[in-house]
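Trainee: Residue strings, one per chain:
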Amino acid sequence: MGNKCEENLKVGAATIKAAEKYKGQEGAVMMALHEVQNAYGYISEDNQKYLSKELNVPLSEIYGIITFYNRFSLTPKGKYNIQVCLGTACHVQGAQTLFDLVKEKLGIEDGQTTEDGLFSLEGVRCLGACGLAPAIVVNSEVYGKVTPKKLEEIIAEYREKK
Amino acid sequence: MKKKIMVCCGTGCTSSKSENIIKALKEEIKIRKVKDIEVSKTGCFGFCAKGPIVVIEPEETFYELVKVEDAKDIVEAVVSGNLVERLLPKEKEEFVKKWHELNFYHKQKRIALKNCGKINPENIDEYIEEKGYKALEKAVKEMSQEDVINEVLKSGLRGRGGAGFPTGKKWQFAKDSVSDIKYVVCNADEGDPGAFMDRSILEGDPHSIIEAMAIAGFAIGASEGYVYVRAEYPIAVNRLEIAIEQAKEKKVLGNNIFGTDFSFDIKIRLGAGAFVCGEETALLNSIEGKRGEPRTKPPFPAVSGLFGKPTLINNVETLANIPQIILNGGNWYSEIGTETSKGTKVFALSGNINNVGLVEVPMGTTLREIIYDVGGGIPNGKGFKACQMGGPSGGCIPAEFLDTKIDYENLNKIGAMMGSGGLIAMDDTKCMVNIAKFFLEFTVDESCGKCPPCRIGTKRMLEILTRITEGKGKEGDIELLEELAYSIKDASLCGLGQTAANPVLSTIKYFRDEYIAHIRDKKCPAGECKALASYIIDEEICKQCGICKKNCPVDAIKGEVRQGAFEIIQDKCIKCGTCVAKCPFKAISKK
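Respectively, the protein sequence lines represent chains C and S. If you're matching positions, the first sequence starts at 1 in this note's numbering and goes up one per residue. If you're matching positions, the second sequence starts at 1001 in this note's numbering and goes up one per residue.
Honestly, the hints are just simulated from the structure, not real lab data. All C-beta atoms in this analysis are idealised placements derived from N, C-alpha and C, irrespective of residue type, glycine included. Treat the hints with caution; some may be incorrect.
Sample of chain C residues facing chain S (criterion: CB under 10 Å; computed from the structure) [claimed, not checked]: (1) V29; (2) Y42; (3) F68; (4) Q96; (5) L118; (6) A129; (7) G131; (8) L132; (9) V137; (10) N139; (11) L151; (12) E152.
Here are some chain C residues the structure puts well away from chain S; computed CB gaps all over 10 Å [claimed, not checked]: (13) A13; (14) K21; (15) M30; (16) A39; (17) K53; (18) P58; (19) T75; (20) K79; (21) G94; (22) E109; (23) G128; (24) K162.
Given these sequences and hints, build the entire structure.
Mentor: This is the structure we're talking about:
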């Protein structure tokens, strides 16, 4: 995040691009937020302020939108974001146990990031991969038919990768 | 004759690396320098339990659970005209060679899923070969707006998103609204846990949705459309983008479609993970870039919807039926199904069932047929306890209703609902109180917070359910739950709140005994509620091998090999059941 504008905001290049791209369009905020979230894994206060100014939407409203939708985050996620599907099909196949196990293994709660910034945990609602239940996703890699043992191996594998 | 190797690239099979299978197949074909064999990706075959799936056309040979290493043998077999026997599905000890001959497909009738598994979704020409965009051409060239709406009315098609409102009527209302600008919106915010038909249709046959939206636009007098799709469905979004581009190139989308005055354009808007956005007015707010909170109805979207203009909102599966209805006529469609519910319905089968996957059956098929004939029954020799239909708005249906013919009315009568068509089977190890609690957790999480009955009421219900599952339930809790449920139903603003209590009400109705066992006897009959269950190692049976300890993911088992029986530290145990599964001597049981 190199570029600075006159208020000394730390604004990312992707944010500037998104603001330019959607300025003046109907429903611009949501689309711009998607791009910022995808680029940085979260939406910092400075990026929010910049979007507020450029898109002419009150900061409070932007904050309201970010906190309403699960996909937008105010804090940085870990290098490896573990999503545990808590949909019905996965639930029936033991997803809650997996979810509890990740919490236990990483020492974090839902929505938190480990101190070393390596892992974050998210309980998510149905990924639509019910055929693979129980499913977890690490970044964009989907793992199906996960067992407690397999989950441990997956975490260990990412820990080694660093 | 040219042969085609079709590889399923739906979400399930893609997760099992079907893209790599395509690569390996192409590589093999290149090495062997064979001609006339094409490798193509295609949409979901529905039989997700057997993925990755590869089908050889024109013979319709069905290969299941294919691995990258199998590519060589598959190409060899196609070239020599043989079969790779080890990859063929087996039924009653016999190989089944063609995919239509599988039991899984016998009772199915694919209309909405017609092209899934048949064409390459990223190639518009293959869609056109299957009479694609013929319905749109027929509509804009040969039919009036009224004609189109009449066909949809005649078909008896009802909204597949959940409520089952007659689609033709919806179109009529939107057409009758007078405005210079109108919109067509496709609701692809498939949020019901356990439902993945919309995802599969978008991934397997995106052009059918584009064509249907254009037909709808023509019928109601709109020239702009939006698809609101979950950002969690990257493959679907990507294929939709490709399809829109190709449709514009072929000029079946854009200005002056088929040389007429009719113009139509489609934009994609991404959801951001809020279940309530599946509710139509919340969805409209979200497209407008706001918090996805529902609006008060009336005015209905057909009068004042997106940006205050008349808007037609249809679900993906509903739209997928439209081109077929226009091509074959409303009467053709209305011959399928029951008196009040016409056509077919796609169900997403999952949970404790052998054939996990996507199935499309005529309305009026019984649950028993779906679960046992199509779904292959309950695995591991366990019994069927209930199935959950309609997601967080639906209910649990017990075994006594297995012979109910499924349609909108019958499901409502027994306290469930069609919903989007998620059908989750549960075996007898599942606790119904826990399932009710699971859905309430979902609703509490996803309630947008706008209206208090839903926001506060569901939270109170969850607290009561939680204490029941923890063995702290009190006499009168069941009645209190019922009272709260009816108040929330009556007083909530949108469908989410109005139906939030259904999973609780239906489980109380059919499994009251189970609630009572939790409250009075502090017991979970199914043994699922963790606070009420513990795992015990039987000292007599334990052979002190240590396999359980080695496999315990949380080090909750103490003891040394051949130094006396092992023991489970109850405080540490997370009740995952791994030890039970791993113990070779069946020495561990749930108490």
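Trainee: Does each hint fit the structure? Answer for all of them.
Mentor: Structure-based check of all given hints:
no.: 1; hint: V29; in the structure: 4 Å, holds
no.: 2; hint: Y42; in the structure: 13 Å, violated
no.: 3; hint: F68; in the structure: 4 Å, holds
no.: 4; hint: Q96; in the structure: 8 Å, holds
no.: 5; hint: L118; in the structure: 19 Å, violated
no.: 6; hint: A129; in the structure: 5 Å, holds
no.: 7; hint: G131; in the structure: 3 Å, holds
no.: 8; hint: L132; in the structure: 6 Å, holds
no.: 9; hint: V137; in the structure: 9 Å, holds
no.: 10; hint: N139; in the structure: 12 Å, violated
no.: 11; hint: L151; in the structure: 7 Å, holds
no.: 12; hint: E152; in the structure: 5 Å, holds
no.: 13; hint: A13; in the structure: 21 Å, holds
no.: 14; hint: K21; in the structure: 14 Å, holds
no.: 15; hint: M30; in the structure: 5 Å, violated
no.: 16; hint: A39; in the structure: 14 Å, holds
no.: 17; hint: K53; in the structure: 16 Å, holds
no.: 18; hint: P58; in the structure: 12 Å, holds
no.: 19; hint: T75; in the structure: 16 Å, holds
no.: 20; hint: K79; in the structure: 20 Å, holds
no.: 21; hint: G94; in the structure: 7 Å, violated
no.: 22; hint: E109; in the structure: 14 Å, holds
no.: 23; hint: G128; in the structure: 4 Å, violated
no.: 24; hint: K162; in the structure: 22 Å, holds
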